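Numbering-wise, this note's numbering comes out as the position in the sequence shown, counting from 1, plus 592.
These aren't lab readings, by the way, just hints derived from the structure by calculation. Mixed in with the good hints, there may be bad ones.
Unchecked claim - The calculated lysine to any residue pairs, modelled on SDA-like cross-linking and capped at a C-alpha distance of 20 Å, are:
| hint | residue 1 | residue 2 |
| --- | --- | --- |
| 1 | LYS595 | ARG620 |
| 2 | LYS901 | ASN865 |
| 3 | LYS918 | SER870 |
| 4 | LYS905 | GLY745 |
| 5 | LYS889 | LYS901 |
| 6 | LYS768 | SER790 |
| 7 | LYS901 | ALA914 |
| 8 | LYS918 | GLY850 |
What the hints assert, rightly or not - Taking CB as the label site, the calculated pair distances span:
| hint | residue 1 | residue 2 | range |
| --- | --- | --- | --- |
| 9 | PHE702 | GLY827 | 35 to 45 Å |
| 10 | ARG874 | GLU760 | 40 to 50 Å |
| 11 | GLY707 | GLU621 | 44 to 54 Å |
| 12 | LEU897 | ILE822 | 19 to 29 Å |
Remember, it's a predicted structure, so these values are computed and weren't measured experimentally. All C-beta atoms, glycine included, are put in the ideal place defined by N, C-alpha and C.
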Amino acid sequence: MAKVTLGKTGITVEKNAFGALPIQRIGREEAVKLLRRAYCQGVTFFDTARWYTDSEEKVGEAFQGMREKVYIATKTGASTPEEFWKDLETSLGNLRTDYIDIYQFHNPSFCPRPGDGTGLYEAMLEARAQGKVRHIGITNHRLNVATEAVESGLYETLQFPFCYLATEKDIELVRKTEEADMGFIAMKALSGGLITNSAAAYAFLAQYGNVLPIWGVQRESELDEFLSYIDNPPGMDPELEAVIAHDRQELLGDFCRGCGYCMPCPVGIEINNMARMSLMIRRAPSQAQLTPQMQEKMHRIKECLHCGKCRSKCPYGLDTPALLEKNYQDYLEILEGKPL
Numbered sequence: 593m594a595k596v597t598l599g600k601t602g603i604t605v606e607k608n609a610f611g612a613l614p615i616q617r618i619g620r621e622e623a624v625k626l627l628r629r630a631y632c633q634g635v636t637f638f639d640t641a642r643w644y645t646d647s648e649e650k651v652g653e654a655f656q657g658m659r660e661k662v663y664i665a666t667k668t669g670a671s672t673p674e675e676f677w678k679d680l681e682t683s684l685g686n687l688r689t690d691y692i693d694i695y696q697f698h699n700p701s702f703c704p705r706p707g708d709g710t711g712l713y714e715a716m717l718e719a720r721a722q723g724k725v726r727h728i729g730i731t732n733h734r735l736n737v738a739t740e741a742v743e744s745g746l747y748e749t750l751q752f753p754f755c756y757l758a759t760e761k762d763i764e765l766v767r768k769t770e771e772a773d774m775g776f777i778a779m780k781a782l783s784g785g786l787i788t789n790s791a792a793a794y795a796f797l798a799q800y801g802n803v804l805p806i807w808g809v810q811r812e813s814e815l816d817e818f819l820s821y822i823d824n825p826p827g828m829d830p831e832l833e834a835v836i837a838h839d840r841q842e843l844l845g846d847f848c849r850g851c852g853y854c855m856p857c858p859v860g861i862e863i864n865n866m867a868r869m870s871l872m873i874r875r876a877p878s879q880a881q882l883t884p885q886m887q888e889k890m891h892r893i894k895e896c897l898h899c900g901k902c903r904s905k906c907p908y909g910l911d912t913p914a915l916l917e918k919n920y921q922d923y924l925e926i927l928e929g930k931p932l
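Using the sequences and the hints, build the whole thing.
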């Protein structure tokens, strides 16, 4: 059983954590059962957020009465101290606890610091002084903000996208967190569903001893797949190396990661899914992407206002209107029976 310690927090857990974003899409009873099953099989780190609708409530119900046996990380997207305290009290109530193990600023466009005029970091320090927060973390999709957070020395953990599609700059960021004795929590380890070989994803991340991957889990079959790696972890071998090499050739470059920070769209385009449709069709059973409901969503791209709002909010600097148009044209060709 592989273990990882999140830097100076001292939190040591099995190198397999539960990302609780997807459980907002399933019923409460099913979610609680899934969370408890994960715990019973050795998973003790659970990551959620205020923005994940009822995810916190489900996590809270699952671990009521056994709070000290698990580590819970959650996040606030607050932009003012008032919003921060409101979020914190709501999260504590949802999670049925009086403390949060790691409280994270949720993908801010800047690195909160003492004296920056927002009062956010000062509020976080006060929450820690009160015992409501044990460790201070930050999540981000922007390499420059993430790097600043590491170099600032203000944060104990960084949550950042990391998978085998990583660039050299991403890998350097992991090294910097290790040198700073800072925990690295890897989100998007399956690149929002574009990576379909979980063994390859696991084997890649296993090469980095300071990285804790959080796997987004929604179904029992998905959970069982990751749980099987606890006792039988896949190691990097020529077969998995070939999978990774193929995927990097196909996927590296300007592609939508599906993070959703471009949303909402003024005309209701589901940008985070529609802007990567051609890749999803290549990499998953296509019929699921060709239903009448999905066709209706894709045709909505024709209503794009080219207002630039999605492009300005994309943490990866993508030209999202252009990506939408390209994916729409690819989609039309698929509907006409032409191969991509």
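Regarding GLY707 and GLU621, is the given constraint of 44 to 54 Å on their beta-carbon distance met?
Taking Cβ atoms as reference, GLY707 and GLU621 lie about 47 Å apart, which means the hint holds.
Supplied distance hint 19 to 29 Å, evaluated on CB atoms of LEU897 and ILE822:
48 Å Cβ-Cβ, so the 19 to 29 Å window is violated.
Given the hint that LYS889 pairs with LYS901, test it: the Cα-Cα distance must not exceed 20 Å.
With Cα atoms ~19 Å apart, LYS889 and LYS901 stay inside 20 Å; holds.
Check the following: the C-beta atoms of PHE702 and GLY827 are separated by a distance inside 35 to 45 Å.
Between PHE702 and GLY827, where Cβ atoms are some 40 Å apart, the hint holds.
For LYS595 and ARG620, compute the direct alpha-carbon distance and say whether it is at most 20 Å.
Answer violated: LYS595 to ARG620 is near 30 Å, above 20 Å.
Just to be careful, I want the Cα atoms of LYS901 and ASN865 compared with a cutoff of 20 Å; is the pair within it?
holds, 17 Å
Please work out if LYS918 and SER870 have their alpha carbons no farther apart than 20 Å.
holds, 9 Å
Does the beta carbon distance between ARG874 and GLU760 stay inside 40 to 50 Å, or does it fall outside?
violated, 26 Å
Are LYS768 and SER790 close enough, with their CA atoms no more than 20 Å apart?
At roughly 26 Å apart (the allowed maximum being 20 Å), SER790 and LYS768 break the hint.
Does ALA914 lie within 20 Å of LYS901 when you go C-alpha to C-alpha?
It holds: about 13 Å lies between the C-alpha atoms, which stays within 20 Å.
So if I understand the rule, the pair passes when the alpha-carbon distance is 20 Å or less; does LYS905 with GLY745 pass?
It is violated: about 27 Å lies between the C-alpha atoms, which goes past 20 Å.
Taken at face value, is the distance from the CA of GLY850 to the CA of LYS918 at most 20 Å?
holds, 16 Å
Consistency note: the structure conflicts with the earlier hints numbered 1, 4, 6, 10 and 12.
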